[in-house]
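Read off the chains here:
There are 2 protein chains.
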Amino acid sequence: CEFDFGRIFLPHLLPASDGDTKTMTFLQEVVDILLAYIVESFDRETKVIDFHYPNQLLQMNNWELQDEPATLDDILISCRATLKYAIKTAHPRYFNQLSTGLDMVGLAADWLTSTANTNMFTYEVAPVFVLLEYVTLKKMRDIIGWQDGRGDGIFSPGGAISNMYAMLLARFKMFPEVKEKGMSSVPRLAAFTSEHVICLTHFFHFSIKKGAAALGIGTESVICIKADESGKLIPADLERRILEAKQKGFVPFFVSATAGTTVYGAFDPLIAISDICRKYGVWMHVDGAWGGSLLMSRKHRWKLDGVERANSVTWNPHKMMSVPLQCSALLVREEGLMQNCNQMHACYLFQQDKHYDLSYDTGDKALQCGRHVDIFKLWLMWRAKGTIGFEAQIDKCLELSEYLYNKIKDREGYEMVFNGKPQHTNVCFWYLPPGIRYMEDTEERKKRLHKVAPVIKARMMEYGTTMVSYQPQGDKVNFFRMVISNPAATFEDIDFLIEEIERLGQDL
Amino acid sequence: CEFDFGRIFLPHLLPASDGDTKTMTFLQEVVDILLAYIVESFDRETKVIDFHYPNQLLQMNNWELQDEPATLDDILISCRATLKYAIKTAHPRYFNQLSTGLDMVGLAADWLTSTANTNMFTYEVAPVFVLLEYVTLKKMRDIIGWQDGRGDGIFSPGGAISNMYAMLLARFKMFPEVKEKGMSSVPRLAAFTSEHVICLTHFFHFSIKKGAAALGIGTESVICIKADESGKLIPADLERRILEAKQKGFVPFFVSATAGTTVYGAFDPLIAISDICRKYGVWMHVDGAWGGSLLMSRKHRWKLDGVERANSVTWNPHKMMSVPLQCSALLVREEGLMQNCNQMHACYLFQQDKHYDLSYDTGDKALQCGRHVDIFKLWLMWRAKGTIGFEAQIDKCLELSEYLYNKIKDREGYEMVFNGKPQHTNVCFWYLPPGIRYMEDTEERKKRLHKVAPVIKARMMEYGTTMVSYQPQGDKVNFFRMVISNPAATFEDIDFLIEEIERLGQDL
Numbered sequence: 001c002e003f004d005f006g007r008i009f010l011p012h013l014l015p016a017s018d019g020d021t022k023t024m025t026f027l028q029e030v031v032d033i034l035l036a037y038i039v040e041s042f043d044r045e046t047k048v049i050d051f052h053y054p055n056q057l058l059q060m061n062n063w064e065l066q067d068e069p070a071t072l073d074d075i076l077i078s079c080r081a082t083l084k085y086a087i088k089t090a091h092p093r094y095f096n097q098l099s100t101g102l103d104m105v106g107l108a109a110d111w112l113t114s115t116a117n118t119n120m121f122t123y124e125v126a127p128v129f130v131l132l133e134y135v136t137l138k139k140m141r142d143i144i145g146w147q148d149g150r151g152d153g154i155f156s157p158g159g160a161i162s163n164m165y166a167m168l169l170a171r172f173k174m175f176p177e178v179k180e181k182g183m184s185s186v187p188r189l190a191a192f193t194s195e196h197v198i199c200l201t202h203f204f205h206f207s208i209k210k211g212a213a214a215l216g217i218g219t220e221s222v223i224c225i226k227a228d229e230s231g232k233l234i235p236a237d238l239e240r241r242i243l244e245a246k247q248k249g250f251v252p253f254f255v256s257a258t259a260g261t262t263v264y265g266a267f268d269p270l271i272a273i274s275d276i277c278r279k280y281g282v283w284m285h286v287d288g289a290w291g292g293s294l295l296m297s298r299k300h301r302w303k304l305d306g307v308e309r310a311n312s313v314t315w316n317p318h319k320m321m322s323v324p325l326q327c328s329a330l331l332v333r334e335e336g337l338m339q340n341c342n343q344m345h346a347c348y349l350f351q352q353d354k355h356y357d358l359s360y361d362t363g364d365k366a367l368q369c370g371r372h373v374d375i376f377k378l379w380l381m382w383r384a385k386g387t388i389g390f391e392a393q394i395d396k397c398l399e400l401s402e403y404l405y406n407k408i409k410d411r412e413g414y415e416m417v418f419n420g421k422p423q424h425t426n427v428c429f430w431y432l433p434p435g436i437r438y439m440e441d442t443e444e445r446k447k448r449l450h451k452v453a454p455v456i457k458a459r460m461m462e463y464g465t466t467m468v469s470y471q472p473q474g475d476k477v478n479f480f481r482m483v484i485s486n487p488a489a490t491f492e493d494i495d496f497l498i499e500e501i502e503r504l505g506q507d508l
Numbered sequence: 001c002e003f004d005f006g007r008i009f010l011p012h013l014l015p016a017s018d019g020d021t022k023t024m025t026f027l028q029e030v031v032d033i034l035l036a037y038i039v040e041s042f043d044r045e046t047k048v049i050d051f052h053y054p055n056q057l058l059q060m061n062n063w064e065l066q067d068e069p070a071t072l073d074d075i076l077i078s079c080r081a082t083l084k085y086a087i088k089t090a091h092p093r094y095f096n097q098l099s100t101g102l103d104m105v106g107l108a109a110d111w112l113t114s115t116a117n118t119n120m121f122t123y124e125v126a127p128v129f130v131l132l133e134y135v136t137l138k139k140m141r142d143i144i145g146w147q148d149g150r151g152d153g154i155f156s157p158g159g160a161i162s163n164m165y166a167m168l169l170a171r172f173k174m175f176p177e178v179k180e181k182g183m184s185s186v187p188r189l190a191a192f193t194s195e196h197v198i199c200l201t202h203f204f205h206f207s208i209k210k211g212a213a214a215l216g217i218g219t220e221s222v223i224c225i226k227a228d229e230s231g232k233l234i235p236a237d238l239e240r241r242i243l244e245a246k247q248k249g250f251v252p253f254f255v256s257a258t259a260g261t262t263v264y265g266a267f268d269p270l271i272a273i274s275d276i277c278r279k280y281g282v283w284m285h286v287d288g289a290w291g292g293s294l295l296m297s298r299k300h301r302w303k304l305d306g307v308e309r310a311n312s313v314t315w316n317p318h319k320m321m322s323v324p325l326q327c328s329a330l331l332v333r334e335e336g337l338m339q340n341c342n343q344m345h346a347c348y349l350f351q352q353d354k355h356y357d358l359s360y361d362t363g364d365k366a367l368q369c370g371r372h373v374d375i376f377k378l379w380l381m382w383r384a385k386g387t388i389g390f391e392a393q394i395d396k397c398l399e400l401s402e403y404l405y406n407k408i409k410d411r412e413g414y415e416m417v418f419n420g421k422p423q424h425t426n427v428c429f430w431y432l433p434p435g436i437r438y439m440e441d442t443e444e445r446k447k448r449l450h451k452v453a454p455v456i457k458a459r460m461m462e463y464g465t466t467m468v469s470y471q472p473q474g475d476k477v478n479f480f481r482m483v484i485s486n487p488a489a490t491f492e493d494i495d496f497l498i499e500e501i502e503r504l505g506q507d508l
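Heads up: the protein sequence lines correspond to chains A and B, in order. Residue 353 in UniProt numbering sits at position 353 of the first sequence, and the numbers go up by one each step. Residue 332 in UniProt numbering sits at position 332 of the second sequence, and the numbers go up by one each step.
Hints may contain errors.
Identical chains share a label here; the pair holds if one copy fits it or two copies do between them.
[As the list claims (entries may be wrong)] Pairs of lysine to any residue, SDA-like flavour, derived with a Cα cap of 25 Å:
#, residue 1, residue 2
1, Lys84, Ser359
2, Lys181, Glu239
3, Lys407, Pro11
4, Lys22, Glu45
5, Lys139, Leu76
Just so you know, these hints were derived from the structure itself, not from any lab.
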């Protein structure tokens with residue numbers, strides 16, 4: 001290296017007048033670190049994680065912030081240390097989250113986004129990105145099945161916020177006065193969603209309840225609808241609960257159907273749900289944060305039949321489409337509603353002197369003023385893959401999950417959490433070590449089985465060989481929830497996972 | 001270049017088994033484009049923007065999404081086109097937003113964040129980033145003045161969301177039952193903030209009102225407090241309005257004092273406000289999205305005296321500290337409240353089998369489940385600059401704005417919108433072209449003056465030489481609001497701005 005970064009500090013880089021070469025050299029050093037990390041991440045011989053407990057990790061490097069500056073050499077060391085202890089989310093055997101993998105064009109696009117360093121406020125400050133958001137949202141609405149891709153939408157900071165924005169729109173649509181007068185002008189409202197979303201499930205996946213709490217509707221107004229054994233909402237129960245709520249004086253205003261539940265990957269029957277929503281005049285939202293991407297697959301999109309009847313749809317390309325985090329879209333059927341719901345002023349009075357078409361200014365469509373640029377990575381990946389490339393990627397992940405399902409459904413030592421082929425890539429199962437396998441189905445067995453997945457998971461993390469999540473649900477003790485969204489995964493990786501579970505769990 | 005990217009597609013890159021070299025070469029090509037853009041961005045000979053109207057821009061490239069994949073050559077072309085029409089937000093003469101500039105270490109950190117591609121969900125999936133958030137929030141609370149840096153906090157997707165989270169906490173603190181029962185269990189609430197934030201100001205800066213609308217409190221419950229000529233909230237009016245609200249049966253629950261208003265850069269008198277908040281038992285929030293960073297400056301932090309008495313503080317390092325977008329922190333004085341307000345379940349029941357200290361899992365502290373990793377760029381910049389480096393950067397921007405103020409306050413053809421030295425880097429002024437300069441102060445003159453700033457701005461964008469924002473406020477016609485947050489700006493750039501305004505506006 002031509003510079004001694006041990007003697008160079010940040011102020012020596014651009015915008016310093018002679019900073020060009022130093023800057024390029026420094027950034028190139030960082031890029032070299034990143035490129036090495038990327039290559040390593042895809043290497044199956046590398047650990048998914050070099051795990052340390054928080055207190056250990058705190059001591060493995062000097063993470064404290066100081067008054068004095070560090071040299072650029074120190075900065076490079078910090079970059080290396082940060083990556084050393086990071087999870088390799090691109091690793092072909094990282095199955096822990098709904099968002100996994102690392103797409104090279106998506107990554108390049110995100111680097112460009114960081115470099116452009118602007119926000120989605122107005123056309124004035126982000127002309128290209130605002131246009132690309134417009135083009136992409138239209139395409140997504142077209143895929144949903146809304147005529148000519150008409151409607152509205154926005155990219156938001158994640159599924160929970162997208163769902164909250166949808167709830168906000170539904171309430172405003174029914175009671176526009178709520179914007180000025182608040183909930184005191186509105187009767188008690190009721191929202192409905194599957195028990196698999198809010199009652200039985202893992203603790204983080206509560207966006208509908210969290211939204212209702214934030215919006216002043218209250219979590220008690222979110223009503224749990226029964227689901228069948230495979231996790232699909234039962235429409236008859238929805239109708240019964242709507243009637244019950246009305247009888248109690250609540251006004252049903254919002255049904256959130258789920259396309260791809262977090263744990264089971266279940267798709268609610270959207271057509272039947274939409275019939276009920278229409279009958280009772282209730283806003284139909286489809287939370288397709290996880291499953292919306294199946295709309296890109298000719299083979300699997302039937303699972304979302306009826307989505308075109310929804311009033312709004314959440315669809316997170318950062319999950320099943322492997323777009324780098326964050327990338328979540330809310331699509332809305334009615335035009336103009338987002339603006340009416342969120343704008344706080346007769347803004348065009350002020351802005352009529354701007355010299356371009358103001359319909360491209362999006363700052364009034366949501367609660368946020370500025371928004372992070374999340375569009376470019378999706379747009380560039382779409383361009384690089386084409387719609388058919390996304391389709392192939394999604395189909396392959398579903399094929400892998402079917403392979404896993406077929407492999408373990410009759411294998412000794414495994415029990416499926418629910419019967420039937422997975423609808424999404426979720427495969428939920430218990431592994432029963434030999435010591436439990438032949439026990440009678442008693443409380444004692446349940447208790448022991450409950451401890452199996454956590455111990456195997458802890459061992460996986462300590463060895464760093466693979467990662468998969470587990471959780472209990474309702475009265476079901478801890479089980480593994482395997483999901484596949486990583487385009488790097490192969491049949492061999494699925495085989496490896498099963499071998500690893502057995503290796504790490506057989507003594508339990 | 002050793003590969004013909006015209007014949008290579010995304011599936012040829014990693015994770016393809018022989019994709020290493022192609023991947024590194026492709027990413028290197030992208031990096032070369034970015035490095036050239038960066039060097040160009042800091043070059044004063046380059047345009048800030050190559051402006052085109054939306055309909056023109058739509059036709060300047062093929063932005064549509066296709067079914068079929070594009071070659072990597074096409075992808076590189078798209079990257080170049082995107083940057084060609086982007087705003088150069090790092091340009092030393094880009095003054096348009098509160099967020100400007102591009103820090104080389106911040107950029108490197110953001111590239112690393114994209115590469116690590118994880119989220120702030122749990123320690124399990126983001127061990128280092130979760131620790132760094134913990135370390136940095138503690139340091140920020142320490143700087144606010146909370147003992148030993150105690151308290152809580154989170155990085156959120158921007159100031160509007162941070163402010164909404166604060167309002168949510170304030171409401172929950174006073175009426176914890178609102179979480180389950182909604183607003184029907186709560187009396188009518190009243191929130192208070194300066195007229196410079198919600199009544200007079202530019203249309204996007206309505207986060208307090210937007211928050212109140214979303215939370216079901218209603219915009220009518222947000223009460224405008226009078227400000228003095230320089231834009232500071234008048235405490236006596238706050239007290240009067242609180243009493244008035246109580247008399248009308250409202251329960252005052254939230255005062256949002258502003259540290260650095262968007263337009264004037266005014267700092268509300270925090271000590272006097274906190275006295276009133278304590279007297280009436282109202283949550284005191286300080287919206288320091290813009291001005292919070294002055295806490296890093298020994299010379300200027302007196303402007304926020306009393307901030308340590310606040311219950312919550314919004315502080316956006318992506319503004320005055322020039323951290324790449326997005327980076328917004330909400331700091332909260334009371335420990336445990338965020339969790340109680342936002343968690344939806346007796347989650348530890350489920351999670352006691354996790355094998356590490358769960359206090360590092362942040363997914364329950366906010367409405368969001370996953371969160372984008374916004375911490376690393378701030379942490380790495382802090383390391384590279386030290387606290388004293390941020391201080392020097394902030395002091396320099398304030399010095400530049402004082403230079404601008406001194407330069408134009410008595411200059412022919414200028415009128416200041418308010419008197420006195422700027423408190424922040426905001427300098428608000430009218431430029432009066434010779435044709436208006438000597439007119440009497442009539443409606444006709446006002447009308448003509450109102451048109452001056454928009455025309456000059458449009459010309460600036462067409463020439464691409466500089467950008468500065470303008471707006472009306474209350475009964476004041478369009479004026480320029482100059483802000484300086486770009487560490488690349490110099491005294492010469494300020495001189496240039498004035499020359500450019502005069503050059504482009506003299507014929508009006």
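Original post:
What hints, given by number in increasing order, does this structure fail?
Top reply: 3
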